[in-house]
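Engineer: Protein chains in written order, with the working numbering: chain R, 612 to 968; chain X, 136 to 407.
Keep in mind the hints are simulated off the structure, nothing from the lab.
Beta carbons: idealized from backbone N, C-alpha and C, even for Gly.
Be aware that one or more of the hints could be misleading.
To be verified - Computed far set for chain X versus chain R, every beta-carbon distance over 10 Å:
{"no.": "1", "residue": "GLY191"}
{"no.": "2", "residue": "MET241"}
{"no.": "3", "residue": "GLY347"}
{"no.": "4", "residue": "SER378"}
Unchecked claim - Below, a list of computed lysine-lysine pairs in the PhoX-like style, where the Cα atoms sit at most 25 Å apart:
{"no.": "5", "chain 1": "R", "residue 1": "LYS614", "chain 2": "X", "residue 2": "LYS287"}
{"no.": "6", "chain 1": "R", "residue 1": "LYS664", "chain 2": "R", "residue 2": "LYS886"}
{"no.": "7", "chain 1": "R", "residue 1": "LYS721", "chain 2": "R", "residue 2": "LYS664"}
{"no.": "8", "chain 1": "R", "residue 1": "LYS721", "chain 2": "R", "residue 2": "LYS613"}
{"no.": "9", "chain 1": "X", "residue 1": "LYS171", "chain 2": "R", "residue 2": "LYS924"}
{"no.": "10", "chain 1": "X", "residue 1": "LYS287", "chain 2": "X", "residue 2": "LYS390"}
{"no.": "11", "chain 1": "R", "residue 1": "LYS881", "chain 2": "R", "residue 2": "LYS709"}
{"no.": "12", "chain 1": "R", "residue 1": "LYS778", "chain 2": "R", "residue 2": "LYS721"}
{"no.": "13", "chain 1": "R", "residue 1": "LYS613", "chain 2": "X", "residue 2": "LYS390"}
{"no.": "14", "chain 1": "R", "residue 1": "LYS919", "chain 2": "R", "residue 2": "LYS825"}
{"no.": "15", "chain 1": "R", "residue 1": "LYS825", "chain 2": "R", "residue 2": "LYS778"}
{"no.": "16", "chain 1": "R", "residue 1": "LYS613", "chain 2": "X", "residue 2": "LYS287"}
{"no.": "17", "chain 1": "R", "residue 1": "LYS721", "chain 2": "R", "residue 2": "LYS709"}
{"no.": "18", "chain 1": "R", "residue 1": "LYS614", "chain 2": "X", "residue 2": "LYS175"}
{"no.": "19", "chain 1": "R", "residue 1": "LYS812", "chain 2": "R", "residue 2": "LYS825"}
{"no.": "20", "chain 1": "X", "residue 1": "LYS390", "chain 2": "R", "residue 2": "LYS614"}
{"no.": "21", "chain 1": "R", "residue 1": "LYS917", "chain 2": "R", "residue 2": "LYS940"}
{"no.": "22", "chain 1": "R", "residue 1": "LYS664", "chain 2": "R", "residue 2": "LYS919"}
{"no.": "23", "chain 1": "R", "residue 1": "LYS917", "chain 2": "R", "residue 2": "LYS664"}
{"no.": "24", "chain 1": "R", "residue 1": "LYS613", "chain 2": "X", "residue 2": "LYS223"}
{"no.": "25", "chain 1": "R", "residue 1": "LYS940", "chain 2": "R", "residue 2": "LYS924"}
To be verified - Covered, in the sense of this in silico footprint (three residues per stretch, anywhere, with C-beta under 8 Å from a C-beta of chain R), are these stretches of chain X:
{"no.": "26", "segment": "203 to 211"}
{"no.": "27", "segment": "223 to 237"}
{"no.": "28", "segment": "349 to 357"}
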Amino acid sequence: MKKLFAATVGILALCLLLAFGDYALNRQTNQSGRRTVTIYNWGDYVDPALISKFEQQTGYHVDYETFDSNESMLTKIRQGGTNYDLVIPSEYTVQRMKREHLIAPLDHRKLPNLHYIDPQFMNRSFDPGNRYSVPYFWGTLGIIYNDQMVDGRDVQHWSQLWNPRLKNNVMLIDSARDVFAMALITQGDSVNTTNYHQLRKAQRHLKQLTPNVKAIIADEMKMYMEQNEAAVGVTYSGDAREMMSVNHHLHYVVPSEGSNIWFDNMVIPKAARNKAAAYQFINFMLEPANAAQNARYVGYATPNRKAKQLLPKRVTADRAFYPPRTTMKHLQTYRDLPLHVLGEYNDLFLEFKMFAK
Amino acid sequence: MKKHHFTWGGLYLALVFVILYAPILYLMIFSFSAGKTMEKYHGFSFQHYADLFADGRMITIVINTLIVALLASLIATIIGTMGALVIKDSRGTWRNSLLSLNNVLMVSPDVIIGASFLIFFTVLGIRLGFMSVLLSHIAFCIPIVVLMVLPKLNELSPTLVDAAYDLGASRWQALSRVVLPAIAPGIFAGYFMALTYSLDDFAVTFFVTGNGFSTLSVEIYSRARQGINLEINALSTLMFFVSLLLVIGYYFISKHSGRRNRIVAVKEGDAQ
Chain R
612 MKKLFAATVG
622 ILALCLLLAF
632 GDYALNRQTN
642 QSGRRTVTIY
652 NWGDYVDPAL
662 ISKFEQQTGY
672 HVDYETFDSN
682 ESMLTKIRQG
692 GTNYDLVIPS
702 EYTVQRMKRE
712 HLIAPLDHRK
722 LPNLHYIDPQ
732 FMNRSFDPGN
742 RYSVPYFWGT
752 LGIIYNDQMV
762 DGRDVQHWSQ
772 LWNPRLKNNV
782 MLIDSARDVF
792 AMALITQGDS
802 VNTTNYHQLR
812 KAQRHLKQLT
822 PNVKAIIADE
832 MKMYMEQNEA
842 AVGVTYSGDA
852 REMMSVNHHL
862 HYVVPSEGSN
872 IWFDNMVIPK
882 AARNKAAAYQ
892 FINFMLEPAN
902 AAQNARYVGY
912 ATPNRKAKQL
922 LPKRVTADRA
932 FYPPRTTMKH
942 LQTYRDLPLH
952 VLGEYNDLFL
962 EFKMFAK
Chain X
136 MKKHHFTWGG
146 LYLALVFVIL
156 YAPILYLMIF
166 SFSAGKTMEK
176 YHGFSFQHYA
186 DLFADGRMIT
196 IVINTLIVAL
206 LASLIATIIG
216 TMGALVIKDS
226 RGTWRNSLLS
236 LNNVLMVSPD
246 VIIGASFLIF
256 FTVLGIRLGF
266 MSVLLSHIAF
276 CIPIVVLMVL
286 PKLNELSPTL
296 VDAAYDLGAS
306 RWQALSRVVL
316 PAIAPGIFAG
326 YFMALTYSLD
336 DFAVTFFVTG
346 NGFSTLSVEI
356 YSRARQGINL
366 EINALSTLMF
376 FVSLLLVIGY
386 YFISKHSGRR
396 NRIVAVKEGD
406 AQ
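Based on the provided sequences and hints, a complete structural model is requested.
Structural biologist: Following this line, the structure appears as structure tokens:
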């Protein structure tokens, strides 16, 4: 009994010590009052130095919380019980949040720095007039190839992936929308098609790709491509950049006939408690110097025109990550489709996967 | 002294341990790499440890995680031990249904428990944060404690308790002087099991964190899209050594108290 009692006291003392450490630590970083702003973002998706800078400049204390997928984030916002002031979802989730009345319209007068955003990234179909969202980073879907195993000229376009010479050498990202986007673009259809015949045709086309498909995988693709396991992969620009930093024989191409372009965007939920701070934070992140610093840290492409000029030339001249205007014109964003159509995409994709292996 | 001979069993055991520990070792080695990824080793450096200690947010999260784990498993141990005592004293279908209800919580998927907690807390109007995480951790730790304490209670000879009552012990005295000391190893084991469950839980915790409060597992999962930073390796290495120290400490404590128990036993033998 004595031993149990001593252990209990010991544990409580340890908790108290830790709580005191926590208190001391947070007092250090936050001497200026209790006004807090809560930000909900992907993990490791902002330069921590910028958060401290924002805290010093404005006197707000930033609570930074993270999520690992749009869907799980949406679940928590929908359920309530939380008061996030600023959230950073992808574009199709912005559309869904808008439809479910989870986010508040933005007052553009409170965002004087909005004009730094390149006009080509404004007013996209997922949020006309940027009434609800401000782009944070963007990227593309494209082809990554290994120059030791394939000639770069042979993998500039989606249709070239069907070339029999690439037998058992193509890896696909395990995502119905992305794989169908590739097939739909080669046959000249929209990546947001709701026409079942077009989808079926795309699936028949995909089935012809089967002999070339080595694997349909998710994150493991990074590892396989880095280790020269396959010549070609279909993946996102962010992942491609990571692979290229490890294996210098890898190159990334955005097919000029079109591809998907995705955006992560800053939005203010309806339940936000500190909207003024959220506006200040958006403005702060739109400041060219800050946006450039953030782009250097995260490594994704920034939609901020002025910030892009501040980045090193070798980054912004890279046509793979900042594609030329002619290609940009053909890039399409995903729209949030009705559930039954998404079901068709998924079913047809599942059928294709079963057929593949 | 028995000599160590080569046996297939020994080889198998060694193989199992190598397989279990190799990934941890691999991760620890890369925490000292100067590079940024786990692809290639770039020479020795403490860079990632420096990054970790400079990252105030990360340290806060670690502290939060530890406080929740320590407190939740403590409270769960108290409640769970009381529960085990009740189950032990109950009879027949009542006892079986209590045990089954306890086991259902053990086997039901974490995701479902987490989602139902989220709905529960929001309906009650409890703000997500420290309290919601603590309450849910206590809840899913209780069944584990019950399962660890119950076998010890069943081992305990009922004549021992009867003897205590015969010698004039009150209910409280019988509990605190006889029953609890006898089942103490089970209680400690339950506490440590609850501690590990609470420390590494992601599924339940994800649903009930909020408003700036987060735990380590939630934070690490959410970094997956960007690729896990080697800072996490550094942190894991430190946590591994802390748990190693705890295990060694636990070993010495139990060895020490084991010897004392033997002495008591010998004295009792003398008295007879």
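Engineer: Now, for every hint given, state plainly whether the structure supports it.
Structural biologist: Do the hints match the structure? See the list:
no., hint, result
1, GLY191, "violated, 5 Å"
2, MET241, "holds, 24 Å"
3, GLY347, "violated, 3 Å"
4, SER378, "holds, 15 Å"
5, LYS614/R to LYS287/X, "holds, 17 Å"
6, LYS664/R to LYS886/R, "holds, 19 Å"
7, LYS721/R to LYS664/R, "holds, 20 Å"
8, LYS721/R to LYS613/R, "violated, 63 Å"
9, LYS171/X to LYS924/R, "holds, 23 Å"
10, LYS287/X to LYS390/X, "holds, 19 Å"
11, LYS881/R to LYS709/R, "holds, 10 Å"
12, LYS778/R to LYS721/R, "violated, 55 Å"
13, LYS613/R to LYS390/X, "holds, 17 Å"
14, LYS919/R to LYS825/R, "violated, 37 Å"
15, LYS825/R to LYS778/R, "holds, 8 Å"
16, LYS613/R to LYS287/X, "holds, 19 Å"
17, LYS721/R to LYS709/R, "holds, 20 Å"
18, LYS614/R to LYS175/X, "violated, 49 Å"
19, LYS812/R to LYS825/R, "holds, 22 Å"
20, LYS390/X to LYS614/R, "holds, 14 Å"
21, LYS917/R to LYS940/R, "holds, 21 Å"
22, LYS664/R to LYS919/R, "holds, 20 Å"
23, LYS917/R to LYS664/R, "holds, 20 Å"
24, LYS613/R to LYS223/X, "holds, 23 Å"
25, LYS940/R to LYS924/R, "holds, 22 Å"
26, 203 to 211, "holds (count 3)"
27, 223 to 237, "violated (count 0)"
28, 349 to 357, "holds (count 6)"
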